[in-house]
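Chemist: The primary structure of each chain is shown beneath.
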Amino acid sequence: MFKPLPFILLTGILLAGCADAPKDVPIEERGVGVRTQAGQAGTGATAPASARSATATPSAETTAKGTPGAVETYALPPAGQQLQGLSTEASRAGEATGPGGKNPLKDPDSLLSKRIIHFDFDSAAIREEYSGLIEAHALYLKAHQTARVILQGHTDERGSREYNLALGQRRAESVQRSMTLLGVPVAQIEAVSLGEEKPIAEGQNEAARAQNRRVEIHYHGE
Amino acid sequence: MYNGLPDLSLRMIQSMHRGIVALILLFLAGVHFAQAARAQMTIEIVGGAASRIPVAIAPFTATPAARTPDPAAIVRDNLARSGLFRLVEPGNDGQVGDEQTISHGLWRGKGADALVVGQTAVLADGRLDIRFRLYDVVRERQLAGMRYTVSPHLVRAVAHKISDIVYEKLTGEPGAFGGRIAYVLRERMGDGLRYALQVSDVDGHNAFTVMSSREPIISPTWSPDRARLAYVSFEQKKPVVYIQSLADGRRQTLASFHGSNSAPAWSPDGNRLAIVLSKDDTSQIYLINADGTGLTRLSQSGALETEPTFSPDGQWLYFTSDRGGSPQIYRMPVAGGEARRLTFNGAYNVSPAVSPDGKWLAYVHRREGNYHIAVMELATGQTQILTDTRQDESPSFAHNSRTILYATLVNGRGVLATVSVDGRLKQRLSQSGDMREPAWAP
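So the sequence lines, in the order shown, correspond to chains L and P. Going by this note's numbering, the letters in the first sequence line up with residues 1184 to 1405, in that order. Going by this note's numbering, the letters in the second sequence line up with residues -1 to 440, in that order.
Please note that the accuracy of each hint is not assured.
[What the hints assert, rightly or not] Heads up, simulated DSBU-like pairs for lysine-lysine below, C-alpha to C-alpha not over 35 angstroms straight-line:
id, chain 1, residue 1, chain 2, residue 2
1, L, LYS1297, L, LYS1381
2, L, LYS1289, P, LYS277
3, P, LYS235, L, LYS1381
4, P, LYS424, L, LYS1381
5, L, LYS1325, L, LYS1289
6, P, LYS167, L, LYS1325
7, L, LYS1285, L, LYS1381
8, L, LYS1325, L, LYS1381
9, L, LYS1297, P, LYS235
10, L, LYS1297, P, LYS277
11, L, LYS1289, P, LYS235
12, P, LYS277, L, LYS1381
13, P, LYS357, P, LYS167
14, P, LYS357, P, LYS424
15, L, LYS1285, L, LYS1325
16, P, LYS235, L, LYS1285
17, P, LYS235, L, LYS1325
[Unchecked claim] Incomplete in silico selection of chain P near chain L, CB under 10 angstroms:
id, residue
18, GLU213
19, PRO214
20, ILE216
21, SER217
22, VAL230
23, LYS235
24, PRO237
25, GLY257
26, ALA261
27, GLU305
28, VAL348
29, SER392
30, LEU407
31, GLY410
32, GLU435
[Said to hold, decoys possible] Cβ pair distances, simulated, as ranges:
id, chain 1, residue 1, chain 2, residue 2, range
33, L, ARG1331, P, GLU185, 30 to 38 angstroms
34, L, LEU1364, P, HIS256, 14 to 22 angstroms
35, P, ARG186, L, LYS1289, 30 to 38 angstroms
36, P, GLN234, L, LEU1364, 27 to 35 angstroms
37, P, PRO266, L, LYS1289, 46 to 54 angstroms
38, L, LYS1289, P, LYS277, 30 to 38 angstroms
39, P, GLN234, L, GLN1387, 22 to 30 angstroms
40, L, PRO1291, P, ARG422, 53 to 61 angstroms
No lab work stands behind these hints, which were simulated from the structure alone. Even glycine gets a Cβ: it sits at the ideal position worked out from N, Cα and C.
Here chain L stands alone, though its shape is the one from the complex (with noise of 0.2 angstroms):
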């Protein structure tokens, strides 16, 4: 029954769906045995160290694998193809425009155009679905050596403020190395965090938590 952290992750995110619910994370009951209901409890702990390192650094299994999820959701080929054709596009066009004049920033048919990651309950390690659009903003920043992004980590609204402020600074911080691994200088990023304070869904109910459970990217001079 000992399975590879990234099967586990796969199966949570199978299970979990769409954004909306979180339903039974294995990552979570796994992580802290004590709470028999970690999905529901509140923005407590966070996951283990072993999980934490293991998916804040997304592997070449990983990051191969595009999931239907991430096809659906995004409408873009599997991540491998994406990086290809997002790296020859990025070095030929060399500024903030893709084929046609359009800022590939603000083009809807980008993935640069898609500006969040939502998390599980209680975890800073980034849903494999997430892989294609963390890359393609890491391949982004390294062809536009200009290009500067803050990273904003974002928790539910239960618990400690201050410990939720930390909690969003681990998850932007997540999202930070995945890109500095994909090869993008740790100058052109800031990790920051608004912990609770800026939830984009209202309700105390766990499809707005899941909502709110997040990392925005925001370009500078946006």
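Using the hints provided, position chain P relative to the given structure of chain L.
Modeler: Just chain P now, kept in the frame of chain L:
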């Protein structure tokens, strides 16, 4: 004629209010930050002692008729709200009397164990002479007597002082009626939200806005001399720590480093603060001088560390860390050294607050998905959950070390609440808008 009443120096009370006067003057001069707050706070008792001490507080005689509030009315409100007293109506039979004519038997007959009498006189220079005496009418003896000479705007401060004395003489515990609190008020305004950092008396009077912003404000904390507040504002689209003087509204940026800056806590000597920065690693605790110099990193765990707070002797820092896999409260020497874990019960114990006498640790404890205020007796490690509301946050101790102020939700609205360390006495403080992030002035 009152004999032998101590003429209490009101320097303390006055210094407390000097800041407010200065702020009002600045407001008239158009200074940006400070403004008088509009809304009135209401206070309700939600829990009290099973048996209450019956006390009569006679209206103070006023000669000539003083156009100031009767201190007796303020004392009466204070004691009633504490949950420890039952007020005995003095009635209108003209038998209040002064110390010469008091009939202890008459007041015993009304059901009182104790009696407060007093008088307010206007002096030639416009100041007030306020005197009171507290009697034990069962043993027929005086328990306290004081006189105060103050300018009229300090009537409330004197009444709180009298309340503190009566409370302490009758219960054996120090009162905290004269306290001041800081908190954040969130209100809807037009198409958005407005966050106001406010300061008021603990009974809601003398409220004013220190700073307001359309972006969130969190974690206000008082300097030990009560002259300044440190807080976290998101006006720069990220958390930045500021220090603001209450007397003149002047503000300095304490920490605006790369990444997030948060969770300020003053050292007891007021010279430096503990803060949390993410500039080098994930959220870690640093020390910084109050003028922004001398930054040194204190925690090196690599785990998430936040919510530092100093012990009253300045030797220790209590803080929240998830180094053990779940957020728990730890303590480490400020001078450096090993941290020791203090909380073990449950998977979420955060937001430590230490009582000024160093005996109690209040914190937020999660149980079955709900967040409660809990208290630990530091000498024994014994813990008790004090509240039954579901989303309690931000505990801080009153200066009497017996009362804990915190934020909670009632019908989805943010209110402030107090609870005694034994869990018996509970009050709620609310006003229009969401109140949150309370901090009791030292």
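Chemist: Hint numbers the structure violates, sorted upward?
Modeler: 6
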